[in-house]
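Trainee: What follows is each chain in one-letter form.
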Amino acid sequence: MIRAALRLRIFLRHLLTRPRLDLPLLIALLLLAGLGLFFLSSAADLAWRTIGAQAARFVLGFMLLYVVSRIPPAQFRHWSPALYVLSVVLLVLVLVLGQGRGADRWLNLGIVRFQPSELLKLTTPMMAAWYLAQRPLPPSWRDLGVVVVLIALPAGLIALQPDLGTALLVAAAGAFVLFLSGLSLRRIGLILGVVLLMLPVAWHFMHDYQRERVLTLFDPESDPLGTGWHVIQSEIAVGSGGVFGKGFMRGTQAQLQFLPEHTTDFIYAVVGEEFGLIGALLLLALYLFIVGRSLWIAVNARDTYARLLSGALAMSFFFYVMVNGGMITGLLPVVGVPLPLVSYGGTSAVSLLAGFGMLMSIHAHRKLMQ
Amino acid sequence: MKRKPRPALRNSGEEQRQFTRRAWFSMALILLALAGLGVRFFWLQVVRHDEFVTRANDNSIHVRFLSPPRGMIFDRNGVVLAENVPAFRLEVVPDQVHDLPAMLKSLATVVPLSSDDLRRFEQALKERHGFQGVPLRDRLSQDEIARFAINRWRFPGVEIKPYLRRYYPEGALATSVVGYVGSIDQREAEKLQGTPWAGMNQTGKSGIEREYEKLLRGVPGYELVEVNADQRPVRVLERVPPRPGENLYLTLDMRMQKAAYAGLRGRAGAAVAVDPRNGQVLALASSPSYDPNLFVGGISEANYKALLDDPHHPLLNRVTEGTYLPGSTVKPFEAVAGLELGLRTPQYTVDSVGEWYIPGLPPGTRGYRDDVPGGFGVVDLTQAIEMSVNTYFYKLAYDMGIDRLSAFMAKFGFGEPTGIDLPHEASGVLPSRAWKAKTLHRPWYLGDTVISGIGQGYWQVTPLQLANAVSTLADFGQPQRLHLLLATQDGSNAPIKPVVVPPPGPPVIARRADWQAVMQGMVKVVEGARGTARGLDVGFPYRIAGKTGTAEIFSRTSHAWHTNRTNHELALRHRALFIGFTPASDPRVAGVAILERAPWGGRDAAPIVRDMFDAWAHVRHLPDTLLPGDILPPWAPMSLPPGTASAAPVPPAVDLPRASSVLDRTGATVGGAP
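Protein sequences, first through last, are from chains A and B.
Each residue of the first sequence is one higher than the last, beginning at 336 in this note's numbering.
Each residue of the second sequence is one higher than the last, beginning at 518 in this note's numbering.
Chain A on its own, in the form it takes in the complex (with noise of 0.2 Å):
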């Protein structure tokens, strides 16, 4: 018993003494959590069994969060290129015998379905950073081609369940790693260029509902009840919040269902119809410190490894609030991305938390000359 409590003191002195988590991110996350599930118990209409859901994901999410920073970098980078393998294998699984609601994403592990795509946002700048920290940087064109493959196979596999949004997140994710490598802009403009000539190809082998979704993003009102009804509904939440908002659960548009989606990927547009301009705006600017202090924290880092790692982690960050916000004011086409913490659903607050996580770790192996 004595002994027990005195392991606690230890434990808590070695905590504040000499913290593995950074603090500010931390408590920059729990009021983003905090605030999410205060948004959802408004668009989930007070469905405790959503709201509940939702809260023990991220309890999950902070624990293994919690787990996933006691691991020094040096350990993700050694297992970086066996988790890729392993989240790819689980691709392709997915793609073979999955199951899911019209796409075929979730794999059923008995107790937990889950998302292996979710994975790959996380393993895919592991093993882009992994093969580019052992190569001389800016990267010659060789490893950017390499490097360009190995994002290229697991964003292809995912763009096949179909699934173009989580393909594009994981591109993206490899695609910072990249360019916080130091790419040269000549060369990120030249493949940039190449991806733009491939647009027409790619048209090609969409599926009828993205190339409609893409197709409404430049007019919404031309279908105002088939896909341009997402956009639509989505503004005139937003447009109808004004300044300060309808308030908590006032919202018609949300309460009415007219929105659809809304406890998932159309939960900002709730948050913007009922705390108005002000809620949005808040809402933005947690998300901005807590890339920021991302970026600090990668700026920190001890090795190139942990530097590009980390840093396309936050920019993945931002990534996903720019997609989401854009989505939901009209700016940016229907890409079923949610918004991060925020949005009702499992895989994707648990692997954010656990990115975290790793940039916690990376925090404190940071460089020691300061």
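Because the hints were derived from the structure by calculation, they are not lab data.
Do not take every clue at face value.
Restraint ranges, calculated between C-beta atoms of paired labels, are given here [said to hold, decoys possible]:
(1) B/L741 to A/M541: 29 to 37 Å
(2) A/W476 to B/N528: 41 to 49 Å
(3) A/V420 to B/I578: 50 to 58 Å
Derived SDA-like pairs: lysine to any residue, alpha-carbon spacing no greater than 20 Å straight-line [as the list claims (entries may be wrong)]:
(4) B/K622 to B/F638
(5) B/K731 to B/V744
(6) A/K702 to B/Q533
(7) A/K702 to B/T537
(8) B/K731 to B/N528
(9) B/K731 to B/R752
(10) A/K702 to A/P407
(11) A/K702 to A/E547
(12) A/K702 to B/R534
(13) A/K702 to B/N528
(14) B/K708 to B/V742
(15) A/K702 to B/R704
(16) B/K955 to B/P940
(17) B/K722 to B/P586
(18) B/K708 to B/P686
Everything numeric in this text was worked out from a predicted model, so none of it was measured.
In this text, a Cβ means the ideal position worked out from N, Cα and C, and glycines have one as well.
We have chain A; now place chain B onto it with these hints.
Mentor: For chain B alone, coordinates are given in the frame of chain A:
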């Protein structure tokens, strides 16, 4: 993994700086992007806020129209002429139906849908406003409701809705007065745009229903309903209840109305009864009639075609729109004119020899004939009216001249609509120089004047104009505005407000003696040995004054006297008319009957007037308890304001007891005369 030595050296310091530069660059990009997103929020939430608030409300708040119950219509005794009965109908919300034609096809297997239903539905679909359901099928039977209820899940967007259906319990008996309501058409709907009535789906199409549409329709209410994305109502935000229309009590007495129809026996014609003391119309029948219930909610094509193709034109309201040659029925009015203008005295005589010639014209010109070859001999005013002696009135008209004749007849209301509270009233034709010049662009001839004296020539009168003239005559020359609206009531428990209709002008007859003389002549028509309607009053408690009319539809084409005088043949050439009032010396009711195809006014039209008078007299002597619902109105003792004397048959008004018939009648037994 094996590492190949590379020529380029790793420069970790340089890599670090490179990364830091990229990180700052990224941060700048991120700031820019998030700022862009923030601006977008500002653009939507501040700049375009109002627009989106409107669209959010349009999304979620629907205005639901609440139809006001239409006012009921009663006769003067409280007999229901128009009411609202609860019924059920199928309504379709088109937005909720994916494949309308397919849905209609499969729905037709559950609830029969006629081609008329579908035609009306298509029409309504085009004209619908707002989020109203579109009626598909009215008047569902209990069986149909049950069958639809079982299959309801198959038809999203189709619902059974209760509504109030207009119903006319008296059917065809009151159509000529009450009219009917029908579905609102495009033109009417446009007129209501922007008013509170924009959502109404029925409106008065004819008769009282149309004339008093504004009183009957009430004021619609509305509900602001919050709906969800499936258009299902979530809650009512605001409710303004509809205000029911006013109930109308008509001057009509359904017992007299029934008597009129019974007397007409479905023949083409019209009958009107009026209380001369106040202009209240007691009966107004156009025959043949039709069931107004056919029109409620839209008439089927087959029924409408049948009505249109009917050779007797039932859709024509003969009382107000039918114009006829008045024939001899104008003679009493001309007699009044002759006396009042000082051209005749009651004692003045004329020798009727069978034909009369305009003085001063060369021999061989056209002669004007009496009804019988050889004429009636020497007749005074009373006899002239009794036997309807044409020669007397040829000469009278000739002496009076068309201008005076026409001016005096105008005082009786001929040539002008009576102004009754019914839509579409014909003016008829009062012959005059001005009329002929304007219409036919021809000068007036003396011959025109002569035949105008016996109600032939250019004359055209509506049965209602004739009733108006008789009423004026019966009330000692005092014209009254004929009207149908007796009283209004704002809600079933509200007090009844009588409608006051002032007389339109001063008396037409200055001297009571003149009136007396003409009345005597009209009594002789019924009672005299050679009266054209002799025997009409057999068994009737009061003395009747009347005048027959038998108008020739075709002008004669030869000098030969007509020899084929069978009734069948005459019926094709004659209109039969009768005007009358009773009790003769103190008139309480005046009547008119016209048959389009009948041989003689006295033989064929007069009994119809008698039937109406019977109903009137009968009622007065029946105990009020005999027909409790009919006689004692729900609003029983109604005190009319001074000046508007209570109408004849309204109890308790036995102010002219049977004893008075002794005073009124001369005691002479008539009837049986050849």
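Trainee: Of the numbered hints stated previously, which ones are contradicted by the structure, given in increasing order?
Mentor: 1, 2, 5, 8, 9, 11, 14, 15, 16 and 18
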